[in-house]
Amino acid sequence: GQNIDQPTEMTATEGAIVQINCTYQTSGFNGLFWYQQHAGEAPTFLSYNVLDGLEEKGRFSSFLSRSKGYSYLLLKELQMKDSASYLCAVRPLNSGYALNFGKGTSLLVTP
Amino acid sequence: DVKVTQSSRYLVKRTGEKVFLECVQDMDHENMFWYRQDPGLGLRLIYFSYDVKMKEKGDIPEGYSVSREKKERFSLILESASTNQTSMYLCASSSSSQETQYFGPGTRLLVL
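If you read the protein sequences in the order shown, they are chains A and B. Count along the first sequence from 1, add 15, and you get the number used in this note's numbering. Count along the second sequence from 1, add 89, and you get the number used in this note's numbering.
Next comes chain B alone, as it looks inside the complex (with noise of 0.2 Å):
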């Protein structure tokens, strides 16, 4: 069985703070993405990599960044966290050999 795993469920922080969301997958998977998901506006890709150093924008990084320095583990960073940066942040992860991709159970950020 895939496992993603992050690193908390629910988070709270105040404005200007940096905030790191952790990412792990356990499946040796070459893929791995940030996603945020907001009512009304659905699941919206900020940042992937697929490979270790790699990283590709998605359509909103503005204001976030990223790392991948292992292969099993993608941290985002909220270098200044903001209010509107308040949402679910989930993680996934997936194979180059298959498609799917395969999601953590989400970081609650809220923002103060």
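Bound conformation, chain A alone (with noise of 0.2 Å):
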């Protein structure tokens, strides 16, 4: 099995960078993966890490280090439509394509 952690809640200044942290502990590990979700939609797709190190994607990157069992999302240049929860989501070895998500981190950006 394996226990997903993530902060529940952040609060960050439109136009500031924030870093949300998520760290793991898996038996086997065969992805990493961050959603955004509004209120009342559904999550949708921001980032995926497999090997250690930064992804960048607009203001968007990902952070993984696999032996520290720990990864970052990190928001550049924060607009308030930021303003949502992020979910960490783990892809285990032998999960065949299933996902374990963390419990998510709401981030509420401010004026």
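Hints listed in this document are in silico derivations from the structure and should not be mistaken for laboratory results.
The calculated EDC-like cross-link candidates involving lysine to aspartate or glutamate, where the alpha carbons are at most 20 Å apart (straight line), are:
{"#": "1", "chain 1": "B", "residue 1": "92", "chain 2": "A", "residue 2": "56"}
{"#": "2", "chain 1": "B", "residue 1": "159", "chain 2": "B", "residue 2": "111"}
{"#": "3", "chain 1": "B", "residue 1": "142", "chain 2": "B", "residue 2": "161"}
{"#": "4", "chain 1": "B", "residue 1": "160", "chain 2": "B", "residue 2": "140"}
{"#": "5", "chain 1": "A", "residue 1": "96", "chain 2": "A", "residue 2": "24"}
{"#": "6", "chain 1": "A", "residue 1": "72", "chain 2": "B", "residue 2": "188"}
According to the in silico footprint, chain B covers these stretches of chain A (three or more CB under 8 Å from chain B):
{"#": "7", "segment": "53-59"}
{"#": "8", "segment": "101-111"}
{"#": "9", "segment": "114-126"}
Computed from a prediction, not measured in an experiment: that's the story for all the values here. Beta carbons are placed, not taken as given, at the ideal position from N, Cα and C, and that holds for glycine.
Put the two chains together into one complex, using the hints given.
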């Protein structure tokens, strides 16, 4: 099994940078995902890391360290529309294609 | 664009009723998933399927069953709905050659 931990809530200011951390413990690992979910809507895919290092995609970047069981999502130049829940998910080895999700981090961006 | 649709956005049922939640995807994806999402508990996997007529239990299958008769359709069945099954139900699909899961809009089910 695996435990996936991420902070419950974070607050940041418009225009700033925020880092959302995710730690996991798993008996086998086959990739880590970040999803964004606005209130009342479905999760949408943000990023996927399977190798160590940083993946950059516009204002969003995601980092993975497999040896430390650690990932973070970095959001730059925050906008009000970035207020949402951010879900960290791990694809364990031998899970088929199923994902295990963390409980999500609710990010509030303030003016 | 991948499209995953679910039969209802909101549903109200009575305790003991049989409930069908339908999910359809139009991208010829092999894999389909059913999750429920509850405050403070996050997304939890109920069942998934990686081929027609195949099904695998997720973390919380009790009280649920599924059906996958066609590749594009994955149904979640609550044989006898109970109040603790009040939740948001999310369907997702993915291709075996690409890792990303795509989600439907969700069905908010209330069991009275």
